[in-house]
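Trainee: With the hints as extra help, turn the sequences into a complete structure.
Number of protein chains: 2
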Amino acid sequence: MRIGIDAMGGDFAPKPAVLGAIAASIELQNLGTVVLYGDSSKIEPILKEHNCNTANIDVFHTSETIAMGDHPAKAFQHKQDSSITVGFKHLQSRKIDAFCSAGNTGAMMIGSMHTIKAIPGIIRPCLASPIPKISGKTTGTLLDVGLNSDCKPDVLYQYGILGNIYAKTYYDIETPNICLLNIGEEEEKGNLLTKATYELMKDGIHFKFGGNIESNNLFTDKADVVVCDGFTGNIILKQIESFYSIAHELHLSHPYIENLNYENHGGTPVLGVNAPIVVGHGASNEIAIKNMILQAYRITIIKLPEKIKQALQ
Amino acid sequence: MRIGIDAMGGDFAPKPAVLGAIAASIELQNLGTVVLYGDSSKIEPILKEHNCNTANIDVFHTSETIAMGDHPAKAFQHKQDSSITVGFKHLQSRKIDAFCSAGNTGAMMIGSMHTIKAIPGIIRPCLASPIPKISGKTTGTLLDVGLNSDCKPDVLYQYGILGNIYAKTYYDIETPNICLLNIGEEEEKGNLLTKATYELMKDGIHFKFGGNIESNNLFTDKADVVVCDGFTGNIILKQIESFYSIAHELHLSHPYIENLNYENHGGTPVLGVNAPIVVGHGASNEIAIKNMILQAYRITIIKLPEKIKQALQ
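From first to last, the protein sequence lines stand for chains S and C.
For the first sequence, the working numbering begins at 128 and goes up steadily by one.
For the second sequence, the working numbering begins at 128 and goes up steadily by one.
There may be inaccurate statements among the hints.
The list makes no distinction among identical chains, and a pair is therefore deemed to hold if it is satisfied within one copy or across any two copies.
[To be verified] Using 30 Å as the maximum straight-line C-alpha spacing, the simulated DSBU-like pairs for lysine-lysine come out as follows:
hint : residue 1 : residue 2
1    : K365      : K295
2    : K142      : K365
3    : K201      : K316
4    : K335      : K365
5    : K175      : K335
6    : K322      : K279
7    : K206      : K175
8    : K206      : K322
9    : K244      : K316
10   : K322      : K365
11   : K222      : K436
12   : K329      : K169
13   : K316      : K216
14   : K349      : K365
15   : K201      : K216
These are computed hints drawn from the structure, not numbers from a lab.
Mentor: Right, here's the structure in full:
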């Protein structure tokens, strides 16, 4: 198996990507090869400096970079030899099995939609973020966290289907409890979107619907998967970031608090596209990149895109 | 000045309300009288038990109670001798100057709209919650936090006006920086609502618009007032609650963390109605009730409803 990683993506590229790739390749051993896409004149010295001689790391030289501020569609179109564009071409032609990047998320989405494309039947792909639970028993999933800021009820219902398959296959939860993020637990609570979505989910047959969940219950064991529109999900995710920063600033330390640190997380998988794609935070450090590559590996192993395809048939 | 408090509101009524009223009356001294509305056979024993002989505390007996689960409009209409209904009648006839409750928020809103009514020109009244800042320099304000879960851009724009007057008069901030909660700082980011609101605020003349703010900046000094729809604001507020609970559970203590404890807060003032109204969390303890009464006192002193009326003329 070959996992591609955009070495030029992220605020401090290429160093965290290269070091993360080394760490992941050591962990993967003969299970898979990590392919770094980017400027080899910048990547090779870092590999040498760290005496990297693992056999399962490859470098594929690309001459261009899509910057964080670049217009996603234009950059993907015009920078034909960028790490992201070449990565997607290789993914499409099966030279690699999965692709991840801490770079321009918009370009990663454009790349997905232009090459591997959305799975037939998917209204909108989405981003699924892990939510660390205080009990530590399982990991929660929140989706969407930023791809679609205006959602219709049928889109949220489909997120329930996607989250259900993800929690089953990625976290081995037999019957995930899928809840709808809302501002009250009672059926009649919420805005127009959540009220209409509740109706769909209540009568749905595709997953176990656990009703509404409020945001003060996000970190408890109430739900395995929490569904919301991308605007609300992004607000929640960034508020988690701020609490980590505050705890850090106040010198409040605890292993759980470290779980809230996005820099140490992997990335967020894109659900609903035809191949394993993981995108990461721009500030990802080498641990985050390593975890992102291992996430992509696991998504490939469990054949997540195929499982989603089957569920939609 | 006479501040009314619903003694029957809240999960543990009437004890926290009575004890909070005692504490507030001691603090207010001859500046104001606290009027407890509720079952005197339950209120008087608590006053006696605590040897309360402050001259500035009154009890007005009411025979009915609007429960937390009651339908707000029906209960307000049918329970004519409930603490909330009588409190609003007294507020309307100027027997009291302000009214607060930790009880049924819906009934408090129905009461406001049926008696003292919205200020002419107000599209929708809203709830303004304090947001403790990590610097401690000032207190931020987030609005709306739950009254209007579906907002139009003109409503959000008017929240900017309300937040501006509130921060100026209540927190003495000369020129409050008003920001729009969004999922990116750039102008073009957001959902349909925030994009359209940005356009209105950018060209607005009623307050200093500081642009978009993301939720990872809520607790910094970037904004004095953060504007959002009531759905998103409520999600944020309850996520703050969850972080307080988590910190508490993990035994992480710090004065700032205590600031996140809604039980110790006052309540949230209703902005845009013709008299000072403050509503509190159902789980309010006596400190929260005391603070809620003192908030209502301050809102009355600074003539907030009149200031809002002037700004809208």
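Trainee: Hint by hint, note whether the structure agrees.
Mentor: Each hint tested on the structure:
For a Cα distance limit of 30 Å, the shortest separation of K365 from K295 qualifies both inside one copy, at 26 Å, and across copies, at 28 Å. Taking identical chains as interchangeable, the C-alpha atoms of K142 and K365 lie at most 30 Å apart only when both belong to the same chain, with a minimum of 25 Å there against 38 Å between chains. For a Cα distance limit of 30 Å, the shortest separation of K201 from K316 across copies, 17 Å, qualifies, whereas the shortest one inside one copy, 42 Å, does not. For the identical chains of this complex, K335 and K365 are neighbours both inside a copy (28 Å) and across copies (25 Å), given an alpha-carbon limit of 30 Å.
When the C-alpha separation of K175 and K335 is checked against a cutoff of 30 Å, the pair qualifies neither within a copy, at 51 Å, nor between copies, at 53 Å. Taking the shortest Cα distances, K322 and K279 sit within 30 Å of each other both inside one copy (11 Å) and across copies (18 Å). In this homomeric assembly, K206 and K175 come within 30 Å of each other (Cα to Cα) only inside a single copy, at 28 Å, whereas the closest approach across copies is 79 Å. Taking the shortest Cα distances, K206 and K322 sit within 30 Å of each other only across copies (29 Å), while inside one copy they are farther apart (44 Å).
In the homo-oligomer, the alpha carbons of K244 and K316 lie at most 30 Å apart only across protomers (24 Å), although the nearest pairing inside one protomer, at 36 Å, exceeds that limit. For the identical chains of this complex, K322 and K365 are neighbours both inside a copy (25 Å) and across copies (19 Å), given an alpha-carbon limit of 30 Å. In the homo-oligomer, the alpha carbons of K222 and K436 lie at most 30 Å apart inside one protomer (22 Å), although the nearest pairing across protomers, at 67 Å, exceeds that limit. For the homomeric pair K329 and K169, neither the shortest alpha-carbon distance inside one copy (54 Å) nor that between copies (43 Å) is at most 30 Å.
Taking the shortest alpha-carbon separations for K316 and K216, only the inter-copy value of 28 Å comes in at or below 30 Å, while the best intra-copy value is 46 Å. For a Cα distance limit of 30 Å, the shortest separation of K349 from K365 qualifies both inside one copy, at 21 Å, and across copies, at 15 Å. Within a single copy, K201 and K216 get their C-alpha atoms as close as 16 Å, which meets the 30 Å cut-off; across copies the closest is 63 Å, which misses it.
Hints 5, 12 from the list above are not met by this structure, while the remaining hints are.
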